[in-house]
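Asks: Here are the chains, one letter per residue:
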Amino acid sequence: MEYFLELFFGGLTRGSIYALIAIGYTMVYGIIQLINFAHGEIYMIGAFTALIAASALSIEGFGGWSLLVLAGFIAIVYSAAYGFTLEKIAYKPLRKASRLSPLISAIGMSIFLQNYVLLAQTSDFLPFPPLIEEFSFLEQVTVMRSSELLILSVTAVSTALLTLFIKFTRMGKAMRAVAQDKTMAMLLGVNVDRVISVTFIIGSTLAAIGGVLISSHIGQINFYIGFIAGIKAFTAAVLGGIGSLPGAVLGGMVLGWTESFATGYVSSDYEDVFAFGLLVFILIFRPAGILGKSTAEKI
Amino acid sequence: MPYGRRAPITQKGGKILRSFGVALWFMFLTFPIMVIKISPLEKNIEWRWGRMIYVGAGAFVLSLLWRYVIEQKRGPIPKEEADPLKVDTKDTGWNRGGSHSLQERLAIFFHKNKKFRILTFTGLFFIIAAFPFVFSTYQTSIIITALMYVMLGLGLNIVVGLAGLLDLGYVAFYASGAYFYALMNHHFGLGFWAALPMAGALAAIMGLLLGFPVLRLRGDYLAIVTLGFGEIIRLVLENWNEFSLGPSGIARIDRPGTLGIDFDLRDHTVYLYYIVVVLVAFTIIVVSRLRNSRIGRAWIALREDEVACQAMGIDKTKTKLTAFALGATWAGFVGCILAAKTTFINPASFTFMESAIILSIVVLGGMGSIFGIILGALVLILLPEYLRAFSEYRMLVFGASMVIIMVFRPQGIIGGTRKRHEFHVKEPTGEKP
Amino acid sequence: MLEVRDIRTFYGAIQALKGVSIWVTEGEIVALIGANGAGKSTLLMTICGVVPPRSGEILFMGNPIQNLSPDRIFSLGIVQVPEGRRIFPLLTVQENLDMGAYLRNDKGAVRSDMEYVFSIFPRLAERRRQLGGTLSGGEQQMLALSRGLMARPRMLLLDEPSLGLAPVLVATIFDTIRHINRDNSTTLLLVEQKAAMALHIAGRGYVLENGTIKLQDIADQLLCNKEVKSAYLGGS
Amino acid sequence: MDFGGLRALEKVDLYVAEAEIVAIIGPNGAGKTTFFNCITCVYQPHRGDMIIYPPGKASKSLNGLKPNTVTEMGIARTFQNIRLFKEMTVLENVMVGRHCRTRAGIAGAILCTRKTIREEQETLEFSYGMLRKVGLEKQTNEKASDLPYGAQRRLEIARALATEPFLLLLDEPAAGMNPSETAELDELISRIREEDGISILLIEHDMKLVMNISDRIYVLDYGHLIAEGTPQQVTGNPEVIKAYLGECFDA
Amino acid sequence: SSDTIKLGVAGAHSGDLASYGIPSLNAARLVAADINAKGGVLGKKVEIMAEDDACKPEVAANVASKLVAQDVNLVLGHICSGATKAALNIYKDSSKLAMSPSATNVDLTKSGLYPNFFRTISPDDAQALLQVEFALSKLKVKKIAVIHDKGDYGKGLAEFAKGFFEKKGIPPVLFEGITPGAVDYSAIVQKIKFSGADAVLYGGYHPEAAKIVSTMKKKKMKVIFISDDGVRDDTFIKVAGQYAEGVYATGPIDTTRNPMAITAIEKHRKEYGAEPGAFFLNAYAAAVCLLGAIEKAGSTDSSSVSKILRSNWFDTPLGKIGFDGNGDARGIGFAMYQVQKGRYVEVVK
Ligand SMILES: Nc1ncnc2c1ncn2[C@@H]1O[C@H](COP(=O)(O)OP(=O)(O)OP(=O)(O)O)[C@@H](O)[C@H]1O
Ligand SMILES: Nc1ncnc2c1ncn2[C@@H]1O[C@H](COP(=O)(O)OP(=O)(O)OP(=O)(O)O)[C@@H](O)[C@H]1O
Ligand SMILES: [Mg+2]
Ligand SMILES: [Mg+2]
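Protein chains in written order, with this note's numbering: chain A, 7 to 305; chain B, 6 to 438; chain C, 4 to 239; chain D, 2 to 252; chain E, 2 to 350.
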């Protein structure tokens, strides 16, 4: 039983990591139906910026929570700026093109950004300072550490907030409208460019938060972390029903648990095989993902 | 003017000011990563301010250039052209209602001038035939690689370009072809020529196996499942040592058999070059015939509208499965060639990035256009090779090129050519209109 | 109120409008008729800024708007109910209507407008929670018109509002159009295939053919015009 | 036929005889399109039977078939929201319609066998004939999405005819057409019936067209059949006037 | 023939494995700069021709033919065993010598198929043997879990170790591969914990090792962690920080105290402003050997250089090394190290 619990919480952590990145993925997908392969790179840049900022700030004498908050803030600002610029350069000119063109542009951007960081910084792994201090009340608990708790709660809170935001605010409604029919949204007074930019900024902000929390949890980063995390987050987003925020979280969790239990009870050799196998299995029975809506097409 | 986003910037000053703004923005953007270099352990920071100036200057120039190119692309505001009377309706092939791009006009021109066509083809034939004797083994070798990707691109084009099924796991079939030959050769000494068709058949069967479960999926759901499938195949190859010899791969695979003649490295390369050229020619013929056949039309119809497609009596399941199977076949062939070419394979060659590159070839070249895909493969495979001059900056430039090509030619290098069927239907006799 | 001066619009290399000029004064209903592919929808899209003209001028209340983005033009009070309905398929009927009032801040008035459209189209009230995409063709058409009305436009551009509606409803729609024109003093530019009906409620009319204005006159005159009769009124 | 809690069709009995033109009318959302979707097996009705009697063949039940099989058996349709293959040329659109009447396989296509070439030539000619029939022979090589609206509607009909149906289902073929175009359509539909002996089932809101060409009319309201009969009988029916035509309708 | 000595340097210079290829390139550049400053080899300047193979066999084959076409005299590389194998066939056919700083696959030397191949790193089996003997005789391990990263290097090593353990009658209680680059490894750590193993033998590289070790320590597990040359890297200590304490890793004997190594590392710091990464010293040594052999042979002819390499000893940052008939280096035996107070310290056998 203890073993089961340990695996359960391990899967939960892993799942919430996937979920946190997947939310940004799913938001961008939701609005422009683009698999933004460069999202993982934004996450990576967020982590790198946080690391750089934290190092600079700690030399200046900052420490503790203020360091986390400040470095996190800088990371968010920069990630948002990168996300914003990314959209303007690589996707906006392709809005009218076939759906695959921005996908290729995204792959190109992903390669570019990886190599940019590789060349400007280093190819090596860098230690990421433990910005999150251990909560004292978690001292006795073995199954969960404070960074895990933080990741979990940030995921939960941001999902809830964003879901409300999209459901009830004017911007949120505009986002959904733009996602379905850009021209019509324009005709109803929606500034489509701005809505898309805001979406990228929100998505990138989440990626940056993810970058800071997750890197601080794992303790190391390099220029390549975004790619793998991105693929998994994308899988999670699809599993849960792409475009749906709660779906992204659920998808992340399911993926995390699958991997954890597959490792625990079968073999970690085939952990990803199980993960992708489950994906195929679920999609066979729910072709639009766990929480996804099948498209309402009137014939 | 508020929201003057369409207002063309006419004065030079405006352009320069904007580019200046862009430069400042990029200086801000690249500040932490370009300028600050940290060594976390030594707790010191190196400030590389010089780089900021480079970034600023570079961004300024590029932004000016970007604007210039975009303006050129959009063309001048046609005042004269707007005259309704000037629209030429004479159907000369060159001037079809003025609605054809240069590329289309060239295509029509090419179609209409038989002499020119024959001349081009013979010229091309000689260039291709003489290539390995003029250039070095290295050049021949990378051209072989590029041609292999032409085949992969054309194969994937069946699935993605024609049938509209986004497949991100194409590499799985490539791997199965390669491993089939490698294993058969390793264990049973099976020769290349025997293995080639079998590898294709095996890949086709794998295509069917993948096809069945994913039939109901659409668009990006299909993409992720195929991506997963690709990864599963790679992971199995990595983990199942007893079967695949694991991550250390299979070495010393035989090169294509030569009927007992002794070949050195150069001869082998040349020989393989001709094999690949013939196979590419074969692929082009098959793919273009398929595309213009009943099956090909069904694929395209399926891509355009599934519901209407079924209402036309097309069996969705069967059509999708044939697309998967036929697309996979080429990957199987090329996999087999890959194993024979490198004489060594391991699972590391079959990552998701490989699928992404093949997909990029299809899209970048121009979906559905055979010539486009050939160009796409040549660009994407030869580019990194020729970018070797940039050494470390190679992949950086490569990524940037992909973005730039897409942005400036969203429909692909040779895109926008929807299938041109010049049908010359005889006046039906007897039947009343 | 609206003046279009010699605009030319292109789709890529295809020219859809070849120098069109029309004007609409405040409080008027103007009908725009013409065969399929004449460029009627294109003209409306050009006015709304979706397909900006290559040349020519569009003045609204005396100000040029041809360079503005669609959302700015909308905020000036020009609202289009486009061809093909363009319902947001994954938003519910209610949310689709809310999108019509996207820029409005007067909650009370929005609510009463909502009541108003539900009173014209009780069917929509029944289907409030249904997804827009699953509505029947005619229901979607009602929704599209209602959504346009929710914006409280100063000027409403209607592109074939009666398309696919049952005869009872066609009558209702034309009544509604007359009503909003009279009571809310909304200016209307109406594109219709049911030319006779359109010209009956309109003050003036234009005939568009092949991207140019072929005829313009007060509606009653057009109704009697021989050419118009044979080409657009079905010879009756 | 239900959607969630909504009953879209309730006990609809309807028949179409050979070479007959039958119209279905009814207010918006009455379930007319849904009815088409049931016949063509896009939706599966929860209860009831659909039986066809193809000329010269044994009768067959359509229940539980796939849409493409239904087409193969000889029922073709057009769509309320035009669904052409937008990127294909006009001719190709019609050629796709020939799919279920041709047999060429992959091998044939690759090897370019004589049989395939002949079949392809037949397809071409047949399709071209269809285009002539609907008057689109001039636009054969244009992209389908570049056609004006009315022409697209006619192309849809040509495409449906290419499947050689014995029953043709038309969903609002005159929507978006002006009266003179509608008159042409009227003529086209009659011709299809006369020349090919095809039965036609038609949904339409343009009463003039309906009155002109249909032999019989069914009226649907809220999924129920409220009236049926000749055009005269139906337009005289007070229930129909109230639910559908409106008081001031003058036919 | 030409007026320079061309040294090809091939390996992963881009992509996820760049961190294993770039240090070698830097090493080669430093050595070349050094030698050129002293007048070059045989009076000719050394020219570096860097080629990126991204560790992919098919790219490596192309890279190899490019280097051959450019008529390089010698090749330093490749980095990954797979890429090396694919390239060696081409070098062999055009009789070029290649020396890898990092390809450890046993077949490369022991199979006798690649007579033109040398390396400045020990093959997998030697390392595995040392690890197993150390674990059994020194640490008195009773139950062992063998984990690897599914890669060429890691899995190969782990399999040898497993074999050796089995031969000694102690089959591992766990033998599994992890997914490199995964976000966390808590599940596999749980599994190790519940297998009851008192030591983990890990085959793979430092990034994953750092994650596993930290997870184990954070879970307050007291399992001994033994790993390989891929982990015996200062980056590991930096990244794992306090959690690195007590970790065992095998590595070439006596590197840091070697004066040549000290200067090499110093030069790297000065030139690139960073600590050198993986296989830096091995590559440095390889460059020194290759160029030194040409100098001694008095020509660039492959067979004479090869003879010199096999019959002489070279002073390198790895100590005095020579090469045996298979191409494996002599004199670079392995030693066991342990992280003590933030540094790798050799533990006496
Ligand atoms: N997106 C487009 N791309 C290219 N050409 C277009 C596009 N939209 C319309 N056209 C062309 O522009 C011309 C005018 O079309 P428009 O839709 O404005 O006609 P319309 O008068 O509204 O016709 P209808 O009565 O069918 O709605 C037509 O020839 C049409 O083919
Ligand atoms: N997929 C669906 N999900 C839920 N409701 C649906 C769906 N399809 C149709 N409906 C509902 O069923 C009813 C019948 O729709 P149908 O499309 O058959 O109407 P119709 O008679 O064709 O109307 P119109 O003349 O307006 O096209 C409508 O009220 C519609 O909202
Ligand atoms: Mg129109
Ligand atoms: Mg309908």
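Rather than coming from a laboratory, the hints here were simulated on the basis of the structure. Model, not experiment: these values are computed from the prediction. Beta carbons: idealized from backbone N, C-alpha and C, even for Gly. Hints may contain errors.
Per label pair, the in silico range of CB-to-CB distance [to be verified]:
(1) Thr5/E x Gly128/B: 36 to 46 Å
(2) Phe291/A x Ala62/B: 51 to 61 Å
(3) Gly265/B x Phe291/A: 51 to 61 Å
(4) Phe195/E x Leu167/A: 36 to 46 Å
(5) Thr5/E x Tyr59/B: 42 to 52 Å
(6) Lys116/D x Lys323/B: 11 to 21 Å
(7) Ala134/B x Trp314/E: 48 to 58 Å
(8) Arg104/D x Ala134/B: 57 to 67 Å
(9) Asp72/E x Lys116/D: 26 to 36 Å
(10) Arg311/E x Leu264/B: 47 to 57 Å
(11) Leu43/E x Thr125/B: 19 to 29 Å
Straight-line C-alpha distance at most 25 Å; calculated DSS-like pairs for lysine-lysine [unchecked claim]:
(12) Lys271/E x Lys42/B
(13) Lys102/A x Lys61/D
(14) Lys119/B x Lys94/A
(15) Lys321/B x Lys87/D
(16) Lys87/D x Lys323/B
(17) Lys87/D x Lys188/A
(18) Lys67/D x Lys102/A
(19) Lys116/D x Lys323/B
(20) Lys268/E x Lys143/E
(21) Lys87/D x Lys144/D
(22) Lys143/E x Lys169/E
(23) Lys209/D x Lys229/C
(24) Lys209/D x Lys21/C
(25) Lys232/C x Lys116/D
(26) Lys117/B x Lys144/D
(27) Lys209/D x Lys323/B
(28) Lys209/D x Lys188/A
(29) Lys67/D x Lys321/B
(30) Lys188/A x Lys94/A
Asks: All the hints need checking, so say for each whether the structure fits it.
Replies: Okay, the hints, checked on the actual structure:
no.	hint	result
1	Thr5/E x Gly128/B: 36 to 46 Å	holds (39 Å)
2	Phe291/A x Ala62/B: 51 to 61 Å	holds (57 Å)
3	Gly265/B x Phe291/A: 51 to 61 Å	holds (56 Å)
4	Phe195/E x Leu167/A: 36 to 46 Å	holds (38 Å)
5	Thr5/E x Tyr59/B: 42 to 52 Å	violated (31 Å)
6	Lys116/D x Lys323/B: 11 to 21 Å	holds (20 Å)
7	Ala134/B x Trp314/E: 48 to 58 Å	holds (53 Å)
8	Arg104/D x Ala134/B: 57 to 67 Å	violated (39 Å)
9	Asp72/E x Lys116/D: 26 to 36 Å	violated (57 Å)
10	Arg311/E x Leu264/B: 47 to 57 Å	violated (38 Å)
11	Leu43/E x Thr125/B: 19 to 29 Å	violated (51 Å)
12	Lys271/E x Lys42/B	holds (14 Å)
13	Lys102/A x Lys61/D	violated (47 Å)
14	Lys119/B x Lys94/A	violated (45 Å)
15	Lys321/B x Lys87/D	holds (18 Å)
16	Lys87/D x Lys323/B	holds (22 Å)
17	Lys87/D x Lys188/A	holds (20 Å)
18	Lys67/D x Lys102/A	violated (35 Å)
19	Lys116/D x Lys323/B	holds (22 Å)
20	Lys268/E x Lys143/E	violated (45 Å)
21	Lys87/D x Lys144/D	holds (7 Å)
22	Lys143/E x Lys169/E	holds (11 Å)
23	Lys209/D x Lys229/C	holds (21 Å)
24	Lys209/D x Lys21/C	violated (34 Å)
25	Lys232/C x Lys116/D	violated (53 Å)
26	Lys117/B x Lys144/D	holds (21 Å)
27	Lys209/D x Lys323/B	violated (43 Å)
28	Lys209/D x Lys188/A	violated (37 Å)
29	Lys67/D x Lys321/B	holds (10 Å)
30	Lys188/A x Lys94/A	holds (17 Å)
Of the hints listed earlier, those the structure fails to meet are numbers 5, 8, 9, 10, 11, 13, 14, 18, 20, 24, 25, 27, 28, in rising order.
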